[in-house]
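**Student:** Sequence:
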Amino acid sequence: MATGKSRLQIGLFSGLIYFILAAVAINPVHSSGVATFWPATPVLLALLIAHSRRKWGAILIGASVGSLLASSLFGFGFFSAFPMAAAKIGEVVVAIGLFSRMKVRRGFLGSLDRIWRHVLTVGIIAPALGATIAAAVTATRYDLPFAHQWRTWFVGHGLSMVALTPLVSLLFSGAATRWWRSATRQMRGEAALLLGATAVVAVGVFGQDRLPLLFLPILPVMLTTFRLGLIGAATSTMVLAAVGGYATLHGVGPANFLGGDIHIRFEFLQLYLASTVLTAFPVAADLSRRQSLYRRLRESEARYRLLADHSSDIVLSIDRQGRIAYLSPSIEPVAGRSPSQLLGTRALQLVHPIDRDLVLVAHRDAIHAPTGTQIVEYRVRVADGALRWFESHTRAVTDENRAVTGTVSMIRDVSHRKSLEAELSRAASTDPLTGLANRRVFDAALAARIEVAAQGERAGSVAVFDLDHFKTVNDRFGHDVGDHVLQSFARIARSVVREEDVVARLGGEEFGILFPGADIARAQYLSERLRTTLAATPLRHGEALVELTVSAGIAAIDGGESAAAVLRAADRALYAAKAEGRDRLRLAA
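All you need for the numbering used here is the position in the sequence shown, starting with 1, plus 6.
There may be inaccurate statements among the hints.
Unchecked claim - No farther apart than 16 Å at their CA atoms in a straight line, the calculated lysine to aspartate or glutamate pairs in the EDC-like style are these:
#: 1; residue 1: K424; residue 2: D472
#: 2; residue 1: K584; residue 2: D472
#: 3; residue 1: K477; residue 2: E463
#: 4; residue 1: K584; residue 2: E549
#: 5; residue 1: K477; residue 2: E516
#: 6; residue 1: K477; residue 2: E553
#: 7; residue 1: K584; residue 2: D474
#: 8; residue 1: K584; residue 2: D489
#: 9; residue 1: K424; residue 2: E397
Note that these hints are calculated values from the structure, not bench results.
Between the sequences and the hints, there should be enough to build the whole structure, so can you do that?
**Tutor:** Right under this line is the structure:
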């Protein structure tokens, strides 16, 4: 019920306003043909734009009735009123239909593309249809020139819709009321001052017909637009239209330079107003868009800074030259300095010298590939002097022209992860009982030395050790003592050999030592020292006392043989030492 009442009210309002505006426009000109100025059409179009489709029927019916009454009472009579109503209402239906199809009903002056669609729709296509129908009616029934009537209708209705539709649409949208309620006293005072200045300039320009000063009102109109936005553009243009319309109607103003009758002067005034609207409204729409963009940007920046200021990760922005533009507060525990102290300095100075080239390459790659993310790990000497690992995820920052202005990085302390990785790496390459290298590391080191030998350089020697009677130790004293014996041998071996030598547990009680760069005599000397040291060192574990010996086989590394062949040669020498009574060394044949 409420919906029906609402439709009835909007229909009555549409009919009444259309009747009044049509009567005002028809009355002075009905004897000479169609009207030059037609404000009823842009008002009807603005009503359709402002309301939902459910109310369009009531609005169009009300306007049709108003048109029929106005034409019957003040225009070409009852019988001509029907086709004339079809022309007037039809052009509005075409305009709103094209608006909906082009998806520019709301914000139709928000961009240059939409401006041209607006002009094409309401300034050319729609009035051309109405002009054709109206000119045909006046030509056939009243013997008026078709071409002249068509041009008069097309120009009058087209300019009226282009100039007035944006103004009336803004009023019907309630934007002016919302602005007035939200405006401060200072803003209202400024608006009154600007509109007063526009009125004064307009009166000065349109109150005389000696000088062509139509360019002067553009200044206060644009100033009002810049200060008040769309509301300023609409109200200042309305002031200009009211002053200009009154002056032109009374034969005063710059329009008189054209000469001719009132129709020509009003066409010129409408062209002037349309040009003003198409100048001021796009500027106002763009200003509104920019204000909205800046507001969202400020909100985004506030959220970004809130996250950055309370994040344990470091947020770093640097320019193309590598200078720090922004640093989150979480940098202070790392660098020992506040973000303000680091602004403008070189970010690379925070990185350990060994890793600077790596970080610099990542920075350049981010600039050259703005759509990608560069990930780099590096070390930093933190405030307490410790060396810690950090990981940066870096992306380029671009401006509206997609030109790179710098980079932004999220930096996380990954020292704990790197420590775990190092531990895992050590676990994968270390014998867990003795702490020596395992078989995989030993084989890799031996293969590397064979490659050195293949290039004609001295590769070194390899020795394989086996603890004598180790099974007896386990059987007699238990595995705890056996483990202690293995650990003791590892400790003694590391203390005897050189720093560059590789000591590894190959399995069970068998060990291998790689002597890089050592000839067979040097390897024999070091191995013999290990054998005698072990034999002279009683091994005590709890109440158990173990006297242990070791046998070994030694082989030179030959670039012409494989790692397996070198180890087999050392193993054969080891077996020979054991066969001869143990506790001795033997060289491979």
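**Student:** Each hint: holds or not?
**Tutor:** Going down the list of hints, with the structure as the test:
Of the supplied pair hints, the one linking K424 and D472 is violated, its CA atoms being roughly 36 Å apart against a limit of 16 Å. For the proposed pair K584 and D472, the alpha carbon gap of about 9 Å is at most 16 Å, so the pair holds. For the suggested pair K477 and E463, the alpha carbons sit about 40 Å apart, so the restraint of at most 16 Å is broken. The hinted pair formed by K584 and E549 fails the criterion: a straight-line CA distance of about 29 Å is larger than 16 Å.
Taking the CA atoms of K477 and E516, the gap is near 12 Å; set against the 16 Å cutoff, the hint holds. Taking the CA atoms of K477 and E553, the gap is near 14 Å; set against the 16 Å cutoff, the hint holds. A threshold of 16 Å between alpha carbons decides the hint, and for K584 with D474 the separation of about 8 Å falls inside it, so the pair holds. Between K584 and D489 the CA atoms are separated by roughly 22 Å; this puts the pair beyond 16 Å, and the hint is violated.
Distance hint between K424 and E397 is fulfilled; the C-alpha atoms sit about 10 Å from each other, no more than 16 Å.
Checked against the numbered hints listed earlier, the structure breaks hints 1, 3, 4, 8; every other hint is satisfied.
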